[in-house]
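Participant: Keeping the supplied structure of chain A fixed, place chains B and C with the ligands upon it in accordance with the hints.
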Amino acid sequence: MIRELGLNDIVYLLEASRWTVALALIAILAGGVLGLIVAVLRIVSFKPANWLAIGYINLIQGTPLLGQLFIFFFGLPLFGIQIGAWEAAALALSINASAFLGEIWRGSLQSVSPRQWEAGAALGLTYWQRLTSVILPQAVRISIAPTVGYLMQLVKDTSLTALIGFIELTRASQILSAATFKPLQVYGLAAIVYFVICFSLSRLSEHLEKRTHAAR
Amino acid sequence: MNYNFRFNALAPYTGEILRGISLTLQLTCLTMAIALVIGLFMALARMSDNRVLNVAARVYVEAIRNTPLLVQLFIVFFGLPSLGIRLDAYLAAVIGLSINVGAYASEILRAGIQSIRPSQVEAGRALGMTAGQTFRSVVLFPAVKAVYPALASQFVLLLLATSVVSSLGVGELFHQATFIDSRTYRSFESYALITVTYLVLTLGFRALFSLVYWLVFVRRPRA
Amino acid sequence: MPLVEITDIHKSFGKVDVLKNISLTVEKGEIVSVIGRSGSGKSTLLRCINGLERVQSGRIVVDGMEVTSPATNINALRERVGMVFQSYNLFPHLTVERNVTLALKKVRRMSNDAARDIARTMVAKVGLADKLGAYPDELSGGQQQRVAIARSLAMQPTMMLFDEITSALDPELVGEVLKVLEELAREGMTMMLVTHEMNFAKNVADRVVFMHQGNVHEDGPARDTLIEPRTPELRSFLSAVLH
Ligand SMILES: Nc1ncnc2c1ncn2[C@@H]1O[C@H](COP(=O)(O)OP(=O)(O)O)[C@@H](O)[C@H]1O
Ligand SMILES: [Mg+2]
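Residue numbers (the numbering used here), protein chains in the order written: chain A, 1 to 216; chain B, 217 to 439; chain C, 440 to 682.
Check each hint, because a few of them may be wrong.
[As the list claims (entries may be wrong)] Calculated from the model, a selection of chain A residues having no Cβ within reach of chain C, i.e. all distances over 10 Å:
1. 15
2. 123
3. 126
4. 129
5. 165
6. 196
7. 208
[Claimed, not checked] Pulled a few chain A residues facing chain C out of the computed Cβ check, cut under 10 Å:
8. 113
9. 121
10. 122
11. 138
If you are wondering where the hints come from, they were derived from the structure by calculation, not from laboratory data.
For every residue, glycine included, the Cβ atom is placed at its ideal position computed from N, Cα and C.
Just chain A, with the same shape it has in the complex (with noise of 0.2 Å):
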């Protein structure tokens, strides 16, 4: 059955769509707190620790995300948990997303330079008031814009979690494809959509980027 594409399939696609959002939000923010311990864990002064995270990281950055959600998707029920694609979809990119914003962090955090350490030191800062007056809020500026460029990042990323069959933007559009027959449409609008969400996304943290005042 071929029909026209209608008003309703475009709301159909905004729906699906905030699946996407929801999801990419969830890797950010999960992700996030992993993230958070992998950087620690980078830089740390104890070997092992970093080797740990070192090892995660280029675990996880040396292998394609698609893998990692099949192996979450068919893995996690092998163990006695039985999830489904949402949970398996919401898992891999939270892991995925914490060794990639560990790294941002880390080199967030490390591009302070260590010149403002001293300076702190020199007025009898403690080494923790250093870290949480001097050295973490301009490590956080200086996060803020590549972390809303990851979350760019992301957003494209949850599109492969339609081929667990997780019904995000990219799986709504092959079901309404499917049922259409008209893909170029469709795929266009798809495309469109992630366009608008990515290139805010980008728009801003471009903006975030040239009003930070930090040393590095």
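Facilitator: The following block gives chains B and C with the ligands in isolation, referenced to the frame of chain A:
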């Protein structure tokens, strides 16, 4: 947990895996080569004074960088036939991947070209070097050195990204996991094995790229 | 009792001996100018005095506190010894006012209002009352350096260490920073300053310490030492700086 992992059930499929690796490497290298050509033209277009070229290159780069590869591939493979352009899966994969990576390559190359300083060319000429010598030692060598690390990591990202074209039915490495899974019903083992194979490949390429960098740019910095 | 008493200190980075058995005293109210070639150990000496660097042997006592003893609360010492760096090192994420109030609030546990009053006074003193709300990247190098001095002075230190604080400045901005130092000198602040401004050393400092290859090579009254150097090393150093 009472599941028995049986990776040896996959042993009969070594041939498939090797064929998958071979196709993945072929796809990656071919795409990288085409993407570099696209990237170079787009970088030059971005820097040209011609407004039309300039805007066209900008639109291309922004359109690609702000949409997912998977959707781009679907447009090429499933969408273009409705315009009468019918491509087989492999060709669609090469075209889709090349257009995608071309956008990223153009940004890398643009930065590389902009890192060339005209004053150094003059200095080279003033030292009595020929135009060819000047080009090699003060233009090409530093520019290649500047873009090499980013291009090397782009290559590794591409190697991983080729897994996505399995969804078009191209028989590259990741597709072999689906195939082996369908034969053995060992889903987890199949995907885990293939994923680890990617890890070996990416670690291998990273090591190779570092070695080349060291040999070419570190060991003989004044070459 | 001298304010700073350095006895036989030795400092090395790995195999490099940077300070070799240096002994030195600074009296309260004295202004000591430390000069010497790049790499002779001037910065390291200053940094040892407020404990930014640890020495391998010897003793440093400042204002009755033994810097070199592990039992000493080094942060408490640093409250009393102000230090200003060549690269200003203001906190770029804070306004001028908050750069100055940060340590007052965190270290001295002052109220917001009390800290702000001190910040206003100190920033006005270096001539930047109108810049309280500015961020460091909105200021010139000379202005940033004056804020750095105000930030240090706000802690009411017993003495100040200045490490080439005008070296990163454009020549036309050096004067405004030296003026602040002269004002401090008039108020009787004890100061040790590494500087390449020989006129300043001659006219404002009481004493000159010439460092050479990790040793105090000459140490004497500023004018006499600079006008009539006793050693060929200081003579050649001076002729290199002055020409
Ligand atoms: N953190 C450090 N690690 C290793 N060597 C250092 C360090 N800081 C200074 N040095 C070395 O110590 C010597 C003296 O340095 P410094 O005190 O900065 O000299 P000056 O301030 O007189 O130019 C130099 O040879 C320098 O390279
Ligand atoms: Mg120095």
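Participant: Take the hints in turn and mark each one as holding or not.
Facilitator: Evaluation of the provided hints:
No Cβ of chain C comes within 10 Å of the Cβ of residue 15 of chain A; the nearest lies about 41 Å off, and the non-interface call holds. Chain C draws residue 123 of chain A into its interface by the beta-carbon criterion, the shortest separation being 4 Å against a cut-off of 10 Å. For residue 126 of chain A, the shortest C-beta to C-beta distance to chain C comes to about 5 Å, within the 10 Å cut-off, and the non-interface label is violated. Annotated as non-interface, residue 129 of chain A brings its C-beta within 10 Å of a C-beta of chain C; the closest such distance is 5 Å.
In this structure residue 165 of chain A is separated from chain C by more than 10 Å, as the shortest Cβ-Cβ distance comes to about 46 Å. Listed as a non-interface residue, residue 196 of chain A keeps its Cβ farther than 10 Å from every Cβ of chain C; the least gap is roughly 32 Å. Taking the minimum C-beta to C-beta distance to chain C, about 14 Å, the non-interface status of residue 208 of chain A holds against the 10 Å cut. The interface hint given for residue 113 of chain A is met, as the beta carbon of that residue sits about 8 Å from the closest beta carbon of chain C, less than 10 Å.
Taking 10 Å as the C-beta cut-off, the interface hint given for residue 121 of chain A holds, the closest approach to chain C being about 6 Å. Taking 10 Å as the C-beta cut-off, the interface hint given for residue 122 of chain A holds, the closest approach to chain C being about 4 Å. The interface hint given for residue 138 of chain A is met, as the beta carbon of that residue sits about 5 Å from the closest beta carbon of chain C, less than 10 Å.
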